[in-house]
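S.K.: In case you want the letters, here they are:
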Amino acid sequence: MDWGPIYLTLKLAFATTFILLLVGIPLGNWLSRTTSWWKPLVETLVSMPLVLPPTVLGFYFLIAFGPEQFLGGWIDKWFGVKLVFSFPGLVLASVIYSLPFMVQPIHSGLSSLPNSLLEASELMGKSKWKTLLKVGLPNIKPSLLTGIILSFAHTVGEFGVVLMIGGSIPNKTRVASIAIYEEVEALNYTTAHTYSLLLLVLAFGVLLSVYLINGGYLKRFWK
Amino acid sequence: MIALDISKRLRAEGGYLDLHINVRIEAGEWVTLYGPSGVGKTSTLRMLSGLMKPDKGSIIVSDTTWFDASKKVNLKPGLRNIGYVFQDFALFPNMTVRQNLEFARKKSGDGKMLTTVLDMIELADLQDQKPASLSGGQKQRVALARALVQEPKVLLLDEPLSALDPAMRFKLQEYLIRVHKEFKLTTLLVSHDISEISRLSNTVLVMEKGKIIRQGSPSQVLLRHDVSGKFKFTGVIISIEKADLMYVANVLVQDQVVRVIATAEEVSTLKPGDQVMVASKAFNPLIYKLEI
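Residue numbers (the working numbering), protein chains in the order written: chain A, 1 to 223; chain B, 1 to 292.
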């Protein structure tokens, strides 16, 4: 069996989750604090991938970042990165596609913290950044974990976006979900079964771990 | 010395509340803000601390301008040297008692302050516990200790004792009196509890609809004239009974019911639920040593 697609899926999921964490924390924090008129607009944009067909997202991505397009050509010229039919493009699209799964738990976690906690830290002369790192984030660990796990799992389960902008280039853009589709088309049911079962077990394990940790079951067990 | 002259329009139930406070507070004074909910007591503390920005006016503390709307001066809360005890205590749940205090401590401050405070407020045994495992009274003490390790000049207390039972309140009032004297603080308290106010404060500001309507010593303000009794207690009337020609009022003082004789004329202005002061002038008290 070719392990390439499984390896590529995990690589994509890890890279996407890591970048999302870097993007999601400041964004979620901003959304939880701001009273700006921009907030509803930003919230809408962040949540769009939840309701938009992945093909729509992939289509516009293709239009924007194709090498013959202005933006795509510019990025290629200045950064030497091709975003269409390449792994970096896949990561960028996945980040946009899984954005709500990271931002929303962080946003709601930080919003649910009592304001007085942050104000107490402010009165102690701590910067906003230090308050977020030492008071905000450590008190929303379950939300952070939910965000990480859901983004990871959602990226593993991606199909439409990848197909639109990545195609199916072995070891470059041919992730497990695409591989399954192609194996089935080629009537190669045994391989399709193996990939499917692996994804099924992975998804089950990942979600179960969220509920175990957030439900406090593990702590109870270790005590 | 605090010179407070601030105005702010606040959104309130069914419209706006125009808050206007103009008051001078001497260094070392204990001032209590008293009045019904929603008259702007907490907002006054928040504006003094910098957590809320006044629309107009100025705040000057010992010759330093903290806020001046006309000169666009607005000192950050962290630079105002204020200890603030929140109504919900605002302890950081992810840190132990000691870590809470260490986080609050000034880097440039007195290194021994933390130990001094831990001893004074008797928290040494609790220092490795997380806030979630503490009782209400313990949380209150930690919140007070955390405010003190910041070495503030001004201590702001927003109804810190309202969630506690009477016995615990009494004990914590003693801690408050002790730290107010020991650290030479200027203290502002928001409170609804008359016995607490008369026990703790030098000056009471009675607020109504965003304004100070009366101010003075607790007995001046709350009784509207001075009482020169040897014994004074405040309490709540539970019931009034008729006994022959006189009346007997049952008054709850702390957790004891005291029976007080009253004339028909006095009773005419009283009803159960009223806050009263019971004073006694000429009588021979007996004193007994308690075996504890």
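Just to be clear, a hint being listed does not mean it is correct.
[Claimed, not checked] In silico lysine-lysine, DSS-like type, Cα no more than 30 Å apart, as pairs:
id, chain 1, residue 1, chain 2, residue 2
1, B, Lys56, B, Lys112
2, B, Lys209, B, Lys112
3, A, Lys128, B, Lys211
4, A, Lys39, A, Lys172
5, B, Lys184, B, Lys171
6, A, Lys126, B, Lys209
7, A, Lys39, B, Lys56
8, B, Lys139, B, Lys184
9, B, Lys211, A, Lys130
10, A, Lys126, B, Lys56
11, B, Lys153, A, Lys128
12, B, Lys56, B, Lys181
13, A, Lys126, B, Lys106
14, A, Lys39, B, Lys181
15, B, Lys209, A, Lys134
16, B, Lys153, A, Lys126
17, A, Lys126, B, Lys211
18, A, Lys134, B, Lys153
19, B, Lys72, B, Lys209
20, A, Lys128, B, Lys53
21, B, Lys106, A, Lys128
22, A, Lys141, B, Lys181
23, B, Lys107, A, Lys128
24, A, Lys82, B, Lys53
25, A, Lys134, B, Lys211
26, B, Lys181, A, Lys128
27, A, Lys130, B, Lys209
It is worth saying that the hints were derived from the structure and are not from the lab. Bear in mind the structure is a predicted one, so any value in this text is a computation, not a measurement.
S.K.: Which of the numbered hints above does this structure break?
M.R.: As far as the earlier hints go, 1, 2, 3, 4, 6, 9, 12, 14, 15, 17, 22, 24, 25, 26, 27 are violated by this structure, in ascending order.
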